[in-house]
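4 protein chains.
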Amino acid sequence: MNTSYEIAIIGGGVIGSSIAYHLAKQGQKVILLEKGSLAQGASSAAAGMLGAQSEEQESEAFFHLARKSRELFPLLATELKEYSGIDIGLVSKGTLKVALTVEQVKAYQKLISFHLRAGEQADWISENEARTMEPHLSDQILGGVYIEKDGHVQAPKLSLAFAKSAAVLGAVIREFAEVRSVLTQNGSIIGIETNEGRIDCERVVVATGTGRSDLLAQLGLSLPIFPVKGECFSVTTHAPLLQRTVFAEGCYLVPKAGGRLVVGATMVERSFERSVSVAGITSLLMEARRLVPAIANATWESAWAGLRPQTPDGLPYLGEAAGCKGLYVACGHFRNGILLSPITGEVMADLIAGKPPRVPIDAFRLDRTLAAANLQEKAVK
Amino acid sequence: MNTSYEIAIIGGGVIGSSIAYHLAKQGQKVILLEKGSLAQGASSAAAGMLGAQSEEQESEAFFHLARKSRELFPLLATELKEYSGIDIGLVSKGTLKVALTVEQVKAYQKLISFHLRAGEQADWISENEARTMEPHLSDQILGGVYIEKDGHVQAPKLSLAFAKSAAVLGAVIREFAEVRSVLTQNGSIIGIETNEGRIDCERVVVATGTGRSDLLAQLGLSLPIFPVKGECFSVTTHAPLLQRTVFAEGCYLVPKAGGRLVVGATMVERSFERSVSVAGITSLLMEARRLVPAIANATWESAWAGLRPQTPDGLPYLGEAAGCKGLYVACGHFRNGILLSPITGEVMADLIAGKPPRVPIDAFRLDRTLAAANLQEKAVK
Amino acid sequence: MNTSYEIAIIGGGVIGSSIAYHLAKQGQKVILLEKGSLAQGASSAAAGMLGAQSEEQESEAFFHLARKSRELFPLLATELKEYSGIDIGLVSKGTLKVALTVEQVKAYQKLISFHLRAGEQADWISENEARTMEPHLSDQILGGVYIEKDGHVQAPKLSLAFAKSAAVLGAVIREFAEVRSVLTQNGSIIGIETNEGRIDCERVVVATGTGRSDLLAQLGLSLPIFPVKGECFSVTTHAPLLQRTVFAEGCYLVPKAGGRLVVGATMVERSFERSVSVAGITSLLMEARRLVPAIANATWESAWAGLRPQTPDGLPYLGEAAGCKGLYVACGHFRNGILLSPITGEVMADLIAGKPPRVPIDAFRLDRTLAAANLQEKAVK
Amino acid sequence: MNTSYEIAIIGGGVIGSSIAYHLAKQGQKVILLEKGSLAQGASSAAAGMLGAQSEEQESEAFFHLARKSRELFPLLATELKEYSGIDIGLVSKGTLKVALTVEQVKAYQKLISFHLRAGEQADWISENEARTMEPHLSDQILGGVYIEKDGHVQAPKLSLAFAKSAAVLGAVIREFAEVRSVLTQNGSIIGIETNEGRIDCERVVVATGTGRSDLLAQLGLSLPIFPVKGECFSVTTHAPLLQRTVFAEGCYLVPKAGGRLVVGATMVERSFERSVSVAGITSLLMEARRLVPAIANATWESAWAGLRPQTPDGLPYLGEAAGCKGLYVACGHFRNGILLSPITGEVMADLIAGKPPRVPIDAFRLDRTLAAANLQEKAVK
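Residue numbers (the numbering used here), protein chains in the order written: chain A, 2 to 382; chain B, 2 to 382; chain C, 2 to 382; chain D, 2 to 382.
If you're looking for bench data, these hints aren't it; they were derived computationally from the structure. Take these hints with a grain of salt, some might be off.
Chain copies aren't distinguished; within one or between two, either way the pair holds.
Listed below are the simulated DSSO-like cross-link pairs for lysine-lysine, each with C-alpha atoms no more than 30 Å apart in a straight line [as the list claims (entries may be wrong)]:
#, residue 1, residue 2
1, Lys107, Lys326
2, Lys69, Lys26
3, Lys94, Lys30
4, Lys94, Lys150
5, Lys82, Lys26
6, Lys111, Lys69
7, Lys30, Lys257
8, Lys82, Lys94
9, Lys69, Lys82
10, Lys257, Lys94
11, Lys356, Lys26
Given these sequences and hints, build the entire structure.
Next up, the structure:
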């Protein structure tokens with residue numbers, strides 16, 4: 002078995018797989034190491050929304066990153082289909098963020114102003130217009146914001162398509178591979194130790210979602226990440242109930258191929274376990290029935306859960322580690338891993354190639370100051 | 002392939018499999034024909050309650066049959082384990098029928114009187130006693146009836162255990178076998194026509210649950226059966242939430258091995274489709290949380306549905322057809338197929354052997370008068 | 002529930018669903034009735050090859066039909082994706098029919114001549130060329146025929162995409178719906194009797210694959226169909242082992258999205274049961290390893306089986322029944338259901354609209370003479 | 002959440018669960034931590050043979066331990082059923098170790114002598130006797146050894162039954178719980194750090210199968226364990242093909258409830274990945290068909306793989322760590338985890354209670370000398 006690579010990527014979720022794909026496209030010799038099976042964590046549990054505009058973003062840098070990433074999907078869908086044969090299920094019919102209270106109406110109008118100032122489309126839709134667009138919406142809807150560009154993809158397929166395309170381009174994928182330590186010499190990466198032996202490499206990318214603070218701690222890095230469990234369920238009908246994603250406080254409904262509807266998602270902070278609770282399912286069912294009453298007759302399919310990797314300031318960690326030459330981190334994408342995976346792959350490939358990243362990522366650097374208050378607050382929850 | 006048998010049984014659910022088992026035990030040469038896979042219909046969807054006393058029975062014959070069948074389970078569990086290796090999961094910890102309203106309290110006290118008159122045990126349990134017995138019960142419970150003898154089994158395992166034990170005893174089992182017609186000569190059965198050819202036999206037992214009115218119509222028999230869909234779900238906890246079956250109006254919770262809890266069941270009349278609806282799941286979840294609030298933290302497992310074969314008077318059809326020598330029917334067990342399967346197997350084996358049935362079954366004969374009103378009422382629902 | 006339609010289609014496999022789709026596109030009021038769940042029979046078990054040219058066809062009419070149908074796939078893939086969101090996984094990289102013996106070399110050169118005479122492409126590929134095209138092919142390969150136009154699709158997705166697109170266009174789909182009889186008056190269809198009641202309609206299309214000879218017999222039609230069981234398995238690798246379908250005597254390997262490889266298929270005549278046998282799996286594994294030795298290291302995924310509906314002369318039944326106005330049949334597509342589904346949908350829609358079919362289908366008419374010898378031969382197998 | 006326990010057990014497989022059960026029975030306050038879901042590793046993949054005598058044992062201590070453990074099963078089966086409701090599927094019909102070559106005949110007669118000297122039953126069975134006992138055995142069998150006491154259980158159910166019984170007895174089970182470090186003070190255990198926070202405890206038991214050398218290394222312990230992948234498959238028939246386990250070089254067939262037959266197992270050294278390979282399945286199929294030709298017609302069910310934790314001398318590590326008070330290890334049970342789980346639970350509970358173990362375990366102590374040659378040999382494989 003070959004044991005020498007230019008770059009070892011730790012984590013076979015959507016972020017690690019995207020980085021592997023973008024590096025393999027550049028012709029680099031990459032190995033992607035996944036401790037279980039590909040795309041089995043948060044990457045598979047996600048509903049796949051590309052919600053760059055569905056919430057007002059405090060961070061301008063994040064908002065820019067999100068919009069840039071969203072732009073990449075149409076071409077990416079074609080490329081990944083070409084390489085891997087996998088259709089990522091990109092749907093570009095927009096998102097309808099619906100208001101059920103007067104307070105939400107006001108908040109959403111602020112969201113529209115925010116987007117208009119940013120040069121983005123976001124239209125107020127009256128109650129009647131909303132029900133013309135989506136006849137199955139409840140008559141409790143007071144109106145909403147229509148965001149044309151926020152589509153969605155099949156999250157598990159996106160992750161696999163990245164990984165399998167990387168393999169077609171020459172990347173080596175090893176599943177059930179546990180990385181035990183990162184090896185350095187004179188402050189530079191020289192390899193990694195895995196359960197199946199040593200791998201020599203000059204660069205390591207840690208792309209593990211919530212995990213592996215132990216590995217980073219070995220290298221003197223402390224990058225706090227907290228899991229937030231999300232529970233979802235899906236139903237089917239023959240003719241689809243919705244055309245567009247319907248998004249409300251506490252619940253969203255994403256229409257997938259073949260009349261499938263994915264309903265998500267709860268937020269259970271500080272949970273590492275991935276079971277679906279009766280309480281979670283019940284609250285989602287109640288919310289979904291309030292928004293789209295006709296879902297009562299839809300056919301139940303299944304329920305699942307995943308862990309979103311949250312950081313104290315809500316922003317991912319993207320960049321090279323200051324004290325360790327050749328060590329890169331791309332973690333903590335919280336609820337935005339699917340949306341941000343294309344641009345994350347691109348900018349990490351830029352960094353590794355020694356080029357300036359095509360999008361500013363200074364706000365996401367590993368050594369940024371995280372407000373102590375946030376750390377505290379997250380820690381006690 | 003051998004094509005001559007003494008008896009052909011149509012239907013590989015719990016009733017057909019029990020009959021096959023009891024006939025094979027008597028040394029008869031039996032073939033069991035199932036159009037799909039064994040135990041895939043109502044027999045697998047059932048929660049497996051042996052609820053002989055959980056409701057007041059209008060029909061004395063039925064009540065007698067139910068109690069006789071319940072008595073057979075302990076020995077049967079041993080026998081089936083011996084033959085097939087399958088443990089049917091018999092649990093004999095009783096059922097607690099709980100009251101949430103004053104009306105129910107009154108009704109359940111009537112039920113107790115009914116059972117005492119019939120010489121059966123049934124004790125009133127105060128609110129405090131109920132929660133001592135089952136600490137996770139809601140404090141909305143006003144008390145209940147404790148029925149010690151109403152246990153439960155694993156329904157899918159019971160069905161398979163009957164069929165596989167029959168096979169061990171020499172019965173031939175053919176799955177994916179469709180019976181196209183029953184062949185008669187001079188008013189006597191001489192065989193059946195199947196998708197894989199003709200089978201010669203002198204007796205045919207129709208044990209198909211809801212189906213095959215077409216087959217019976219060919220022979221001049223009209224035995225109305227209406228499907229009633231039931232939806233269920235299951236959850237798990239490490240330490241069990243309940244020791245006993247908890248039974249209420251609209252919902253029951255049956256504690257299975259390993260901390261699994263089966264919650265059932267809706268009643269959707271005249272439905273032939275077996276999908277699980279969002280409405281059904283929601284109503285069961287609400288009821289279950291009302292009865293056992295701690296279920297909120299249990300882990301969701303899955304949901305399923307099955308069709309119960311209901312007759313106009315709620316009683317099964319058991320017996321030989323008047324106009325066709327050698328044609329037997331054992332259908333329409335509604336919600337009682339699991340409970341009644343042992344005694345049904347025994348009495349049908351008696352009939353086929355030309356012996357008087359060990360339990361009176363006159364009330365279930367095929368040519369009994371079904372009240373026109375009932376037929377009408379069922380038809381319009 | 003609405004109970005009046007223009008056309009009732011019996012059978013929710015790929016043929017019935019395609020007919021429903023094409024009729025719904027014409028604006029007709031259609032109900033599609035499936036006795037189980039959509040696309041659960043042969044339509045889902047198929048490997049999805051569009052092998053119009055992979056064998057020499059005795060019937061010119063069939064060969065013409067097959068090529069016409071193959072032509073329809075690219076546009077169809079786009080349309081079905083548009084309506085249903087489902088990607089049917091069309092791959093157009095051709096088929097390599099490989100020879101392992103000198104006899105096969107000769108036979109395949111005859112096949113090439115046949116295709117050249119018919120104006121179709123088919124190129125002889127030397128051993129070296131074959132291994133250049135497909136480096137993982139065994140060195141036992143003596144060469145082969147490359148057929149550029151014979152691609153493949155994801156069979157289960159094609160069936161669902163037809164049905165769900167039909168639903169989007171207004172067709173009603175009813176699963177778990179059993180048709181008990183077809184109702185006629187003065188020799189014309191007036192409706193059907195189902196498990197959920199009567200449906201009025203002027204036309205009925207029987208599209209049930211192997212089944213429902215009973216229904217046709219009621220109407221005086223005898224259209225012999227014999228099931229031929231086919232067993233398959235699938236494996237995965239990260240980088241795909243093959244680019245093109247590899248087809249040999251007794252085994253084919255079809256490369257699907259994401260490095261999945263479907264290997265098929267056995268031929269078990271007169272089997273109605275759909276289990277996968279140890280013998281079947283073993284023979285496929287041996288053949289696959291002989292053709293593509295590197296498959297030894299691929300990861301096992303699963304095995305399954307389906308029943309192909311074969312007719313005495315190998316041709317499907319397509320047309321209107323002579324003695325019963327409004328009764329149409331589209332059955333018996335044997336191993337060609339996926340390939341022929343688009344054109345079958347089109348010509349049946351033509352017939353029902355009273356238009357001449359766009360492709361000659363006289364060879365497939367229901368009252369054609371089936372050689373007695375063939376009937377006999379099939380019957381004794 | 003409570004965060005103080007007497008004992009924390011790391012690893013929710015059959016060994017950790019048995020220890021949790023035995024400690025909970027003694028009334029101790031235990032937490033069982035599993036990084037994924039209960040019983041998902043080797044414990045679930047095992048065929049469940051209780052093969053104390055199926056091979057000649059070099060180590061007398063091991064042979065004694067194995068026989069003592071085997072003796073415990075009948076009572077244990079009853080107890081675990083009582084506590085958890087789970088039937089562990091104990092079958093006590095013996096094992097037939099069959100010879101296909103003259104060399105094997107000789108070797109097996111040596112095995113019989115070994116057992117007779119040890120005071121154990123083991124009978125030579127002639128070819129005819131073998132086929133009388135098991136009529137489906139191949140006529141290539143030259144005879145064999147019948148070992149009456151070597152039965153089998155359902156491995157996944159045994160693991161779950163231990164864990165769920167422990168929960169009933171008050172043990173806390175936490176799934177998806179990753180232990181990051183073991184905390185010590187003055188050379189004594191004071192707690193563990195997990196992904197969900199710190200747990201205080203005075204004793205820690207490491208029962209992780211192949212894993213967590215990192216954790217032990219933190220504490221100065223080096224206990225080499227090498228994974229050996231085993232692949233299996235299962236088939237079913239209605240009437241069982243075998244009554245007893247049939248064991249040969251390279252293949253065994255274990256008859257489970259309901260006509261299920263588990264066939265195992267390959268030996269892939271130094272593999273951490275758990276995929277099932279085409280090569281592995283093929284070799285098992287060929288062997289199984291050679292031993293029991295009638296398996297050709299059995300119905301394929303599924304295939305799976307697991308990792309056995311092997312040590313350099315083939316013996317498990319059982320005991321307290323010399324340099325760290327309160328740290329216990331029970332790992333490296335190789336192919337014997339199911340068989341040894343009862344006695345391992347008992348002796349570890351003895352040790353933790355400060356009592357002498359009821360069976361000598363000195364041969365398994367953590368600081369025994371492992372032959373350098375063995376370490377070397379294992380390392381290069």
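I'd like to know which numbered hints this structure contradicts. Please list them from smallest to largest.
1
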